[in-house]
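Asker: Construct the entire structure; sequences and hints are all you get.
There are 2 protein chains.
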Amino acid sequence: MEKTIIVNAKSKTYNIEIIDHGLKKLREKVQTVWSPRKVAVITDENVGPLYANQVQRQLNAGGFVVEVLTVPAGESSKSWMNLEKIIQQLAEKHFGRQDGILALGGGVVGDLAGLAASIYLRGIALIQLPTSLLAQVDSSVGGKTAIDLAAGKNLVGTFYQPDLVLIDPTVLLTLKSRCLVEGYGEIVKCAALVGGDFWQLTGQIKSPQAIMRNANALIEASVRFKAQIVAADETETRRRQLLNLGHTLGHAVEQAAGGRLFHGEAVAIGLYQLSRLFEQKKLTAVGVTEQISTRLQAVGLPLSDDELGTTDFYRALKHDKKIKQQQLTMIYLKKIGQPEFYCYPIKQVIGWLQQELSQKKS
Amino acid sequence: MEKTIIVNAKSKTYNIEIIDHGLKKLREKVQTVWSPRKVAVITDENVGPLYANQVQRQLNAGGFVVEVLTVPAGESSKSWMNLEKIIQQLAEKHFGRQDGILALGGGVVGDLAGLAASIYLRGIALIQLPTSLLAQVDSSVGGKTAIDLAAGKNLVGTFYQPDLVLIDPTVLLTLKSRCLVEGYGEIVKCAALVGGDFWQLTGQIKSPQAIMRNANALIEASVRFKAQIVAADETETRRRQLLNLGHTLGHAVEQAAGGRLFHGEAVAIGLYQLSRLFEQKKLTAVGVTEQISTRLQAVGLPLSDDELGTTDFYRALKHDKKIKQQQLTMIYLKKIGQPEFYCYPIKQVIGWLQQELSQKKS
Numbered sequence: 001m002e003k004t005i006i007v008n009a010k011s012k013t014y015n016i017e018i019i020d021h022g023l024k025k026l027r028e029k030v031q032t033v034w035s036p037r038k039v040a041v042i043t044d045e046n047v048g049p050l051y052a053n054q055v056q057r058q059l060n061a062g063g064f065v066v067e068v069l070t071v072p073a074g075e076s077s078k079s080w081m082n083l084e085k086i087i088q089q090l091a092e093k094h095f096g097r098q099d100g101i102l103a104l105g106g107g108v109v110g111d112l113a114g115l116a117a118s119i120y121l122r123g124i125a126l127i128q129l130p131t132s133l134l135a136q137v138d139s140s141v142g143g144k145t146a147i148d149l150a151a152g153k154n155l156v157g158t159f160y161q162p163d164l165v166l167i168d169p170t171v172l173l174t175l176k177s178r179c180l181v182e183g184y185g186e187i188v189k190c191a192a193l194v195g196g197d198f199w200q201l202t203g204q205i206k207s208p209q210a211i212m213r214n215a216n217a218l219i220e221a222s223v224r225f226k227a228q229i230v231a232a233d234e235t236e237t238r239r240r241q242l243l244n245l246g247h248t249l250g251h252a253v254e255q256a257a258g259g260r261l262f263h264g265e266a267v268a269i270g271l272y273q274l275s276r277l278f279e280q281k282k283l284t285a286v287g288v289t290e291q292i293s294t295r296l297q298a299v300g301l302p303l304s305d306d307e308l309g310t311t312d313f314y315r316a317l318k319h320d321k322k323i324k325q326q327q328l329t330m331i332y333l334k335k336i337g338q339p340e341f342y343c344y345p346i347k348q349v350i351g352w353l354q355q356e357l358s359q360k361k362s
Numbered sequence: 363m364e365k366t367i368i369v370n371a372k373s374k375t376y377n378i379e380i381i382d383h384g385l386k387k388l389r390e391k392v393q394t395v396w397s398p399r400k401v402a403v404i405t406d407e408n409v410g411p412l413y414a415n416q417v418q419r420q421l422n423a424g425g426f427v428v429e430v431l432t433v434p435a436g437e438s439s440k441s442w443m444n445l446e447k448i449i450q451q452l453a454e455k456h457f458g459r460q461d462g463i464l465a466l467g468g469g470v471v472g473d474l475a476g477l478a479a480s481i482y483l484r485g486i487a488l489i490q491l492p493t494s495l496l497a498q499v500d501s502s503v504g505g506k507t508a509i510d511l512a513a514g515k516n517l518v519g520t521f522y523q524p525d526l527v528l529i530d531p532t533v534l535l536t537l538k539s540r541c542l543v544e545g546y547g548e549i550v551k552c553a554a555l556v557g558g559d560f561w562q563l564t565g566q567i568k569s570p571q572a573i574m575r576n577a578n579a580l581i582e583a584s585v586r587f588k589a590q591i592v593a594a595d596e597t598e599t600r601r602r603q604l605l606n607l608g609h610t611l612g613h614a615v616e617q618a619a620g621g622r623l624f625h626g627e628a629v630a631i632g633l634y635q636l637s638r639l640f641e642q643k644k645l646t647a648v649g650v651t652e653q654i655s656t657r658l659q660a661v662g663l664p665l666s667d668d669e670l671g672t673t674d675f676y677r678a679l680k681h682d683k684k685i686k687q688q689q690l691t692m693i694y695l696k697k698i699g700q701p702e703f704y705c706y707p708i709k710q711v712i713g714w715l716q717q718e719l720s721q722k723k724s
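From first to last, the protein sequence lines stand for chains U and Z. Under my numbering, read the first sequence as residues 1 to 362, first letter to last. Under my numbering, read the second sequence as residues 363 to 724, first letter to last.
Honestly, the hints are just simulated from the structure, not real lab data. Don't take every hint at face value.
[What the hints assert, rightly or not] Here are the computed lysine to aspartate or glutamate pairs in the EDC-like style, where the Cα-Cα straight-line distance is at most 16 Å:
(1) Z:374 with Z:596
(2) U:12 with Z:595
(3) U:10 with Z:596
Answerer: Written out as structure tokens, the structure is:
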């Protein structure tokens, strides 16, 4: 299977290519967008040993000069220290404005390498080669780059579009089940926003194996939707905020859990809990929450967590980036495929959650 | 005098306001672009004591909550360490997406604060309030932000346009003469690119005092020209490179001099030397170099430096950001007001310079 999705962002137009065994076509695909140049392949200690050699051989055969830069695996690599190290290495190896960075890895590598590409020499060329399901459906699409601060995730970053995103679903076969399932959390979120056939398709996924069997269709539907949104609103002024469905409570519980929950798991919890609360409020149609929970539970995604409603959870919620003048904008579903904005004072949101979440706990 | 110049950059349209005693109108001007919010005033140890109180009072009166962040004066403040510190402070003080940064200072503060604004939360609002002549005519206009690396100046940065640039020429009265004259180096470069009345005007400037007397006209002409260029080419793909006239040799000699030369002084040297070399080559009209040297010498700007032609000079030149596939693009003047591109292999440029500069030395 080979599908091309065109992203028409305000700052740039580029292709997302979904290709089974796409890694084997890397040279050809890179050559469609890049003339021969130096390429820094940025990867991590998990993904590098699996694919870096293959990537390097392909690029060398295409006349590219390759430097492989490896960071430790895991969220803690999205740091100032690693950003500075990468840029230091680019400068030492005399990377110029015409050279490029290829991000080979999951969301951490994509976010970090993307930020480095966007600020080195005020921006050099970038290709994303996402290797986790979460990165393939979410973080590699749309040009968000970031590192974390002690005060919170993704507090430093840029909007910076790549020249190409190459998605090879067959690399997912090497993923541990929990990582595959995590990515599916973001897919269910997308499907809930889109509705229709996409939502029906998620209704048929009853196991992690079924995610893998349907990976191409699930990735394509997610990426098409995200590309549409990014084309309409590259820098998240309004419409792109729809993608934050499930993320408000999700980010807070993820931060409170301090690394114990994966991002996609936290999104699953946020998606379910927010739907439950808005269904009680009669803003979300009856039955939506059950449809969501059925899909999440079918693959073993969590619906709740002990951190929900703790002091740490509320502290994280109060510092949500989306709070503007004390108002928090949440996204809820009127019904499946019909997202709406709900803007409410953060203090009252917290009061309401305290009441609801403690009722549930007691 | 009050002049408004509109910058129509691809990413954003905004005003540059040149206003005598503009600092006294700060509140009113900021209110035209910003609703009440938190504002981080970033300044340095020289400029802060002169103006930070006044800026804070004005902003407070407009309903803004102000935090003043001060960095040491001088180029060495354009560092990862200061960037990280500023962003750390923004996060600790819970600056949100709707808050803003006001850069109060010369080029160092503008570059550093601009970069912080462009990457904190993927970009928050920015106002530039340049207080040196160099910053007023050059670095505050056009959205270039940067910090330095050990390997070279401005190797990390972004293109990020502010919401407003407020230029108050009366603040130049507190500048030391050498700083005023330095800024004039960039003005002569602009005038040489533009020609006509602007070039005539620089012909009448015979002393540092005359720069001050004509500051408004000189600033306006420089800024109008730069705004035009930035509107045509925000990210320096081609036309914006014209502004690099004098900068290729200038950057190299500045770096070799290790802080002894000011940027505008290095540009003056680069402008004169390149013109001399191209006049010898018969690519620049006879007499252009003399017109340039007359203007630079009239205010005490240097035409040469001991570092020209040293090993350090050539090392810096070889790592020029503008080298693409071993080709260096230089800008020269066919005649005053008629800049041209000259693209040539870096190796041969160096050979030619070695011959010419050593002849001059011997």
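Asker: Look at each hint and say if it fits the structure.
Answerer: Going through the hints against the structure:
no.: 1; hint: Z:374 with Z:596; result: holds (10 Å)
no.: 2; hint: U:12 with Z:595; result: holds (15 Å)
no.: 3; hint: U:10 with Z:596; result: holds (14 Å)
Hint compliance for this structure: every hint is met.
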